[in-house]
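Novice: Just need the whole structure built from these sequences, with the hints factored in.
Chains as they are written, first to last, in the working numbering: chain P, 49 to 163; chain B, 7 to 121.
It is worth saying that the hints were derived from the structure and are not from the lab. One thing to keep in mind: the hints can contain errors.
Ranges between beta-carbon positions, derived for each pair [to be verified]:
(1) G22/B / E63/P: 47 to 53 Å
(2) E63/P / T21/B: 44 to 50 Å
(3) Y87/P / T19/B: 26 to 32 Å
Computed footprint of chain B on chain P, listed as stretches where at least three residues anywhere in the stretch have a Cβ under 8 Å from a Cβ of chain B [unchecked claim]:
(4) 85-97
(5) 150-157
Note that the Cβ used here is the ideal one computed from N, Cα and C, for glycine as well.
The chain contents come next:
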Amino acid sequence: GDSVTQMEGPVTLSEEAFLTINCTYTATGYPSLFWYVQYPGEGLQLLLKATKADDKGSNKGFEATYRKETTSFHLEKGSVQVSDSAVYFCALSDRERAGSYQLTFGKGTKLSVIP
Amino acid sequence: DSGVTQTPKHLITATGQRVTLRCSPRSGDLSVYWYQQSLDQGLQFLIQYYNGEERAKGNILERFSAQQFPDLHSELNLSSLELGDSALYFCASSPQGGGGAQEQYFGPGTRLTVT
Chain P
49 GDSVTQMEGP VTLSEEAFLT INCTYTATGY PSLFWYVQYP GEGLQLLLKA
99 TKADDKGSNK GFEATYRKET TSFHLEKGSV QVSDSAVYFC ALSDRERAGS
149 YQLTFGKGTK LSVIP
Chain B
7 DSGVTQTPKH LITATGQRVT LRCSPRSGDL SVYWYQQSLD QGLQFLIQYY
57 NGEERAKGNI LERFSAQQFP DLHSELNLSS LELGDSALYF CASSPQGGGG
107 AQEQYFGPGT RLTVT
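Specialist: Next up, the structure:
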């Protein structure tokens, strides 16, 4: 079945450092890919998405490019802020296979940014 | 605020008991998804309803059931509770009216503690 693997955390960075969180996926169809963010005590919020190969999703300075050849969707940000501290989840949706837009999530990566 | 509401926020109950979690989707959204977030299993899809009908099932135990009512709110029923059912339960909604990636909007979750 479908699966998502993302780098283990926790990740601790200094403010203004460069962020990369790796995410790779396994899917039989042509999934849509997502990054969700979960701030402490809150639900998940969609950060960005990409629906086909070579699409780049971007939001709030975060970017990720859908790479079909490497089955990857790595999250990057050029300069992190303390307010970016959260747990980040990579996810896919493979409606053709599943008949539904249900999300398959990675295990999450906790990011802590220190001043 | 995603527009998805969940009640209650916290629930503490004993093993063997039954509880009901409630979710109200965003106005106009026809699809409701239920997810379970636990430390050992991560975020897992449980079940989806679309306009009152079950659309997809994931890793949902037989002791768990759900339904979606004519006003589109949904309830997740958990019975014969075990310690391992302690988790955060999220509801998400999406319009699912057309093609492409269907964003899901998550509620704040219900934290269930089974003692």
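Novice: Now tell me, hint by hint, if it's right for this structure.
Specialist: Now the hints, each set against the structure:
1. G22/B and E63/P have their C-beta atoms about 49 Å apart, which keeps the hinted 47 to 53 Å range intact.
2. At about 45 Å, the CB distance of E63/P to T21/B agrees with the hint of 44 to 50 Å.
3. In this structure the hint that Y87/P and T19/B lie 26 to 32 Å apart at CB holds, the actual value being about 27 Å.
4. Only residues whose C-beta sits within less than 8 Å of a C-beta in chain B count toward coverage, and the stretch 85-97 of chain P has 6 of them, enough to reach three; the restraint holds.
5. For the stretch 150-157 of chain P, the proposed coverage by chain B is satisfied: 7 residues have a C-beta within less than 8 Å of a C-beta in that chain, meeting the threshold of three.
Violated hints: none; the structure is consistent with every hint.
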